[in-house]
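S.K.: All chains should be modelled from the sequences, with the hints used to inform the complete structure.
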Amino acid sequence: MFENLTSRITTVFTSLKRKGYLSEKDVDNAIRDIRRALLQADVNFQVVKEFCQNIKQQAVGERVYKSLRPGDVVVKIVHDQLVELLGQEYSPLKLSGMPPVIMLVGLQGSGKTTTAAKLANSLTKQNYKPLLSACDNRRPAASEQLEILAQKNQIDFNPVDPLSALKSAEKAVEIARKKYLNPVILDTAGRLHIEHQLMEELKDIKSKLNPSDILLVVDAMTGQDAVNLAESFNKELGLTGIILTKLDGDTRGGAALSIRQVTGVPIKYVGTGEKIDDLMQFYPKRMASRILGMGDIVSLVEKAQEVTEQEDAEKFARKLRKMTFTLDDFLQQLQNVKKLGPLENVLSMLPGGMSGLKNDAEISDKQLAKVEAIIRSMTIEERNNPKIINVSRKNRIARGSGNKIVEVTKLIKQFENTKKMMKKMMGKQQKSFSHLTKKFN
Amino acid sequence: MNFWNQINQKLSKTRNNFSSRIKETFSRSTDKISQEQLEELEEILLLADLGPDLTDYLISEIKNENPQDGLTKLQQQLTDILKVDAAEDVLIPTSDKPKVILIAGVNGTGKTTSAAKIAYLLTEQDNKVMLAAADTFRAAGIEQLENWAKKYDFDLIKGQYGGDAAAVVHDSYDAAHSRNVDYLIIDTAGRLHTKKNLMNEFNKIQKVLNNKNCHRCHNLLVLDATVGLNGLQQVQIFNQYIPVHGLIVTKLDGTAKGGCVFPVVHQMRIPVQFIGVGEGIEDFQFFDPEKFVRGLFN
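Chains as they are written, first to last, in numbering that gives the first Met the number 0: chain A, 0 to 440; chain B, 0 to 297.
Zero decoy hints are in this set.
No more than 35 Å apart at the CA atoms, straight line, and that leaves these computed lysine-lysine pairs for DSBU-like:
1) Lys403/A <-> Lys194/B
2) Lys203/B <-> Lys365/A
3) Lys194/B <-> Lys267/A
4) Lys149/B <-> Lys202/A
5) Lys338/A <-> Lys409/A
6) Lys150/B <-> Lys170/A
7) Lys195/B <-> Lys365/A
8) Lys284/A <-> Lys194/B
9) Lys206/B <-> Lys195/B
10) Lys206/B <-> Lys151/A
11) Lys365/A <-> Lys211/B
12) Lys150/B <-> Lys274/A
13) Lys93/A <-> Lys202/A
The hints are simulated quantities; they were obtained by calculation from the structure and are not laboratory data.
M.R.: Structure follows, in structure tokens:
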């Protein structure tokens, strides 16, 4: 996500931070580089222009030149401006009405149908009982697509009325009332923002059903035109929020950085993958940190909490303290890491030079799989007490997991070493560590 | 005090389309293009997704001209950029049938619709065409192509969800071969170019085709006209996995003028071959660089 922009801006910052004194020319050069980086990243031309003017205006104030660490001041200014661009605070859905209606709109191929299913899934986790309603009677098999996604994730579904999008939506609301489902999510047909007849269809649905949330789904890879289309939709329908999709590509962030600023409509969610869980709430500050290469630890910890059962975590912490953890526990921890998504994604949330780590991440994913295979080829006795693993057992494990004996030996050794190291650490920091585990549970 | 409030007003100026703004810019003064005009031109080109590198290049090319010649030269330059000879004409059939056309691209660019449109175009020219639905990933991806096929009576070979796309390619090639089909059009699943595992699927498809002695598969990459400079990245990376022979630019009926094709073609030397201009099956044309650029300026 945003790697391109991040690496460019990080380069600018590194050279700034190296200097103890910044002349006006240094700042000008930095701003020029940032401007180019933003343009390369598809950020709207006007937004870039204003952004750079603002930075300059603040930077030429005495602050930067009198500061002991002038580079840091510039970074701070850029960070604050980015947060301003992205919209300060997280903006949740309104979800008002009986039942609340969410309408998804957007161009063809922006990812409305997939997003509708993801949104329903995320609301289910917050104990809502959403109803997915297909309102796309134009694209072949659009209704089927949503139906398949709904079925797969046990979400209630209302098929499209082939003759009228409005009728499909009205019927969905009726069903939702009867079955006490809430909210109703309307997946409308993709349309260009300049097709007036199709816009009328959406306006009709809006005036009849009065949706509390009208969300525009935008492909994050959209170029300069992102602003135009968001403005047209906003003017016609009065958007309440934006969902950016396909952020898992090497998107440069142009749309993300431009749309909120120009339309004033907040970004609410971002789509980060093809799986049903790959929808994240959008936090401007965290995103700004991420763009500037400072990582997003908060989101990572939250995600970790989401995938780990509290009970399991406590059990593991207890075992750690008593030094009784086994290869089985190790395996479980590995699986938790895997639940966080590909290592590549996890790494991109950490601060610092993630670009260098990325290639390693691919290898590491494979290594994780290897370790898993080896442990799974052991008997329960062997997992609890690796000391009993002799040559013959090693041979069997190696064959069973499709690895060489050396690799089995290496894993067991690593495990023992880790345990030894833990023991040392525990002895020294028993107190602080137990404090830490408590905090994370 | 919020500086950003002013942005909206300024944007309304830029919202006027490319052609009228460019004409307005070049209509002033007579002997030499002024600095102010160059800055305006920079803005116009950047707003059209041409990107800073190509924009700088174009400006350096015309900055010493007078406005009249400058405009002509700019138009000429842009046309020249797009005039890239195709390595191979899509329409010339191979000696051993069928000729394979593979459609690839990121999610939501319009691959399935384009596949159907090409099938229609080729059928209109009296070719025997078969479609292969090799998008075994997206929910209802196969049904979408199937609906088109039913409506226009195309032959279709489909796979199963979660199945192997390469297997569909294998089966459809055999079927097309035995039915003496002229063109086999393969619709693949959308994939982001950053997903290595998905991209590797192309190697497998290629291998299957090689084993069939089909070495001249024509690979078309579908680009969405609204895409920004990311489009360049897409073409570059797809090209590392399968040789991209041509581009299809879709959704040109919107406000986006597909300006990203300029940096893409300029750098990659891969020609645009088709453009999609609407939702109807006949809203699909062969690409003509001169017409395309003229369309931008008129």
